[in-house]
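Colleague: Here is how the chains run, residue by residue.
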Amino acid sequence: MSYYDIDAILTDAEKIPCTFELDVPDLGYLDNNPTAPLKSGTQLQLPLWLAEMLALQSAGDEGKSFVSIELPPPLSDEVVQALKADPRAVALRDQSAHFYNLATRMLDLFEEKELVEVLRKTFAVRAAEIALHARKGAAGSEEKASNLGVGGAGEEFLRGLDEWERKLFRKAHDGAKAGKEWMDGVKKH
Amino acid sequence: MALSLPPGLTHSEVAFLCEMELVTVVPRQRLESIPLLRGKTPALRPPHRADLPLWLALLLKKQRRANIVPPPWLHPASLAELIHRETKVDPEKFSAPPPTPSRARYNLPGLAHRANDDERQIFSPPFLPSCTAAAPAGYLPYHWLEMAETLLAHAADDMPVPAGEIRGLLRDLVEVRAAKMRAGIGSAGLGGDGFLEMTGVGAVELAESRGFVLGVVDGVRKIGASAEASRREEELEAGDREDDDDDEDMGI
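Residue numbers (the UniProt record's numbering), protein chains in the order written: chain A, 1 to 189; chain B, 1 to 252.
The hints are simulated quantities; they were obtained by calculation from the structure and are not laboratory data. Note that the structure is a prediction, hence the values are computed from the model and not measured. Glycine residues also receive a C-beta, built at the ideal position from the N, C-alpha and C atoms. Please note: incorrect hints may appear among the correct ones.
[What the hints assert, rightly or not] Where chain B lies over chain A, by a calculated footprint (3+ residues, C-beta under 8 Å):
id, stretch
1, 93 to 105
2, 121 to 134
3, 165 to 176
[Stated by the list, open to error] Computed footprint of chain A on chain B, listed as stretches where at least three residues anywhere in the stretch have a Cβ under 8 Å from a Cβ of chain A:
id, stretch
4, 7 to 17
5, 37 to 50
6, 135 to 143
Could you build all of it, start to finish, from the sequences and the hints given here?
Modeller: So this is what it looks like as structure tokens:
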């Protein structure tokens with residue numbers, strides 16, 4: 001992951017549900033209550049970079065961490081069940097534009113063997129679908145194929161692609177397009 | 001940032017490499033042998049066939065000084081058989097690449113051997129005569145698609161049947177194999193054995209799907225990275241424990 005990777009930076013800003021384990025003075029403004037200290041047990045949405053830092057740091061003598069974190073809504077049980085049922089029917093972009101990036105970051109923190117399997121299956125099944133659409137897009141008119149929102153039946157599916165999948169679509173589409181251009185060019189020489 | 005060129009060869013580069021393949025021509029005029037980097041070309045004597053690199057054959061074809069003999073695997077019957085094999089007989093795999101030239105040795109009857117006992121002969125893809133008239137039918141060589149396209153574009157009148165018919169069969173074959181590649185990469189990502197056998201995939205097909213396949217493989221790797229790391233740690237711990245046991249067994 002590059003330092004300049006814009007997707008990694010944006011993933012850092014995704015909100016993660018956290019519960020504070022300790023009383024923290026002077027942090028009350030996070031809970032819209034600047035005068036009081038932040039009580040333990042308060043539930044807050046913190047950006048991933050901060051939540052990760054606070055969850056991994058231990059404070060005090062007992063070695064308790066500041067916050068305990070939970071899986072964010074895009075990786076909630078309902079979404080995972082829907083992915084298990086049919087990976088192609090879920091619009092991942094509606095869950096999070098950086099769904100897989102977020103998922104891999106969370107998997108670094110949580111040990112969820114089942115979630116890994118579900119995600120891998122989702123990615124593979126959707127990748128095959130993406131390749132199909134990319135090839136169709138390349139075969140169609142150039143104007144349609146040049147932007148991501150290819151018209152027709154696959155539009156709904158393509159709108160639901162997250163950033164990883166969009167890159168994948170672009171790669172597959174570039175390959176198919178280069179092939180088509182080359183085939184048209186053979187006759188000219 | 002580094003110059004971001006996609007990895008691997010592009011279509012036109014692959015097609016350029018394909019021009020080094022040998023094809024069989026029937027010359028119409030005499031031509032003395034030409035010393036080239038890869039060796040001398042055979043002298044052309046009109047009724048006799050000769051094997052020339054594709055680029056030279058195309059040059060002579062354009063000057064109407066030779067006719068190109070299409071390779072046997074480009075014959076419609078061979079292509080139809082390939083399509084049948086890819087769809088019905090073995091819908092999982094790509095059809096096999098042409099076998100290595102082999103011959104029986106006189107002192108070991110019944111056993112075929114690779115025919116490169118002779119040190120001067122090299123049998124790697126660009127030098128393997130897989131597109132000459134002597135090539136076996138029913139096998140697709142590495143450069144099949146670009147060879148077929150080039151021959152159809154420049155030597156359509158040398159084909160045994162109208163070029164349109166061959167072109168239609170080629171389109172079918174390309175579609176069948178592209179669908180197979182898509183299905184294969186999907187199932188390869190599903191875990192389990194998790195691999196896709198790509199023996200017999202041609203150079204142009206590789207150039208076309210390289211970016212996509214690499215993207216999928218990279219994605220699956222990233223998703224599994226944390227699970228993989230924890231699995232390695234477990235293995236390492238298990239390994240340490242085993243080592244301790246060994247020491248105890250030895251009674252030190």
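Colleague: Each hint should be assessed against the structure and marked as holding or not.
Modeller: Each hint tested on the structure:
1. 93 to 105: holds (count 3)
2. 121 to 134: holds (count 9)
3. 165 to 176: Check passed, 7 qualifying residues.
4. 7 to 17: holds (count 4)
5. 37 to 50: violated (count 0)
6. 135 to 143: violated (count 0)
Checked against the numbered hints given earlier, this structure breaks hints 5 and 6; the rest are met.
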